[in-house]
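Residues in the sequence shown are numbered consecutively from 8, following the working numbering.
Not one of these hints is a red herring.
Now the in silico label distances, taken between C-beta atoms and shown as ranges:
1) Q197 / R405: 42 to 52 Å
2) I361 / S12: 54 to 64 Å
3) A375 / N90: 51 to 61 Å
4) A409 / S12: 45 to 55 Å
5) E15 / D272: 21 to 31 Å
6) A402 / N339: 26 to 36 Å
DSBU-like, lysine-lysine: derived pairs with alpha carbons at most 30 Å apart:
7) K129 / K187
8) K260 / K25
9) K220 / K206
Bear in mind the hints are in silico, worked out from the structure with no lab data behind them. Yeah, the Cβ is synthetic: ideal placement off N, Cα and C, and Gly gets one too.
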Amino acid sequence: MAQKSINEKLAILSDAAKYDASCASSGSTKRDSSDGRGLGSNTGSGICHSYAPDGRCISLLKILMTNFCIYDCVYCVNRVSSNVERARFSVDEVVKLTIDFYRRNYIEGLFLSSGIIRSPDKTMEDMVRIARKLREEENFRGYIHLKTIPDAAPELIAEAGRLADRLSINVELPTDQAVKEYAPEKSPDQIRKAMADVKLRQIASKDRSHTGKRPPKFAPAGQSTQVIIGADGANDATILGQSTRLYGSYGLKRVYYSAFSPIPDASSRLPLVSPPLQREHRLYQADWLLRFYDFQLHEITDTALGGNLDLDIDPKLAWALAHREGFPVDVNSASREMLLRVPGFGVKTVNRIIATRRHRTLRYEDIARLGASLKKARVFITAKGWTPGGLTDSADLRGLFAPPPEQLSLF
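Sequences are here, hints too, so could you generate the full structure?
Pasting the structure below:
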């Protein structure tokens with residue numbers, strides 16, 4: 008078999024990495040080369056937080072070390088029984104690519120995942136060697152995100168956390184039963200144990216000794232995970248329930264939702280089509296409400312018919328329409344908690360409203376200047392010079408926000 012060039016490997020392994028959504032780069036510790044030493048940065052002109060339309064970060068070199076894999080996860084295009092073209096980077100090739108791409112200003116950091124080759128320990132060992140070479144030999148100070156392997160030895164994951172900014176360990180599917188059915192070689196208990204170990208090491212890295220000295224930083228940008236949606240029969244309520252438990256138990260920075268993509272030579276147990284991307288989008292919106300808007304899980308799922316979020320309107324709007332008895336709210340006197348529940352109001356807008364109303368009475372036109380989307384908000388608020396009248400209680404209110412019905416084509 009002919010040896011592949013590095014560009015041929017890059018084409019294969021960057022394409023294979025597109026299914027992994029958990030590559031955000033925010034939240035890391037400040038580290039740069041503005042002092043004239045080292046290479047790269049993860050602040051300022053380093054990581055630039057650029058995102059694709061579907062929300063995925065595009066500022067990182069996002070590759071697999073290899074798409075060879077000894078596991079046979081039913082939903083994975085790189086499973087051992089899959090008939091796909093294989094490739095494998097050496098440790099030095101990944102290091103060279105990262106440095107070369109950074110110097111050309113193509114990327115701002117590295118997101119590295121891998122199929123399992125030979126064993127979890129061997130794979131994790133090679134990924135750690137890549138991070139160590141970048142940090143210690145190339146003096147690379149840019150962002151590094153490693154997708155860790157839960158079955159690897161704890162000392163390897165510990166070393167990965169000392170070198171990388173963020174670690175992620177995928178829970179794969181929304182329920183333990185689904186993992187056992189679709190990825191029988193993976194253990195949900197082992198995945199959770201690895202996530203708990205990362206959390207404990209993060210906590211320990213923040214503790215000062217009796218002399219006031221801190222231990223080395225450990226994954227300062229935190230840990231994240233990814234859930235595949237649409238491969239099994241789990242509904243949105245089940246998925247969000249899993250996410251809520253993960254946030255509470257392991258202090259995750261993010262749970263990423265990745266819509267299942269049909270793969271070649273797929274098992275008959277898998278669906279033939281992807282779930283609508285709008286479903287992925289609605290899950291992210293609901294996740295945001297749980298994390299930053301003080302919503303409880305049941306408040307979001309109670310409005311989800313059959314356990315699935317409404318694809319036509321966002322979860323906050325769905326909640327507001329189901330609880331019209333609490334609206335309209337007066338922007339000049341309502342609590343912060345209630346303002347956060349107004350459709351069209353974001354956290355920054357609410358903070359600006361509260362800060363501004365301390366000094367003067369807010370008029371309707373002021374609200375737009377403070378960043379609100381009045382197309383949604385106007386029905387649910389009152390302000391000086393504005394009241395929605397009977398609009399809030401109108402029978403066809405949902406129709407003002409939901410997209411009009413489409414005539415579907417047979418061809």
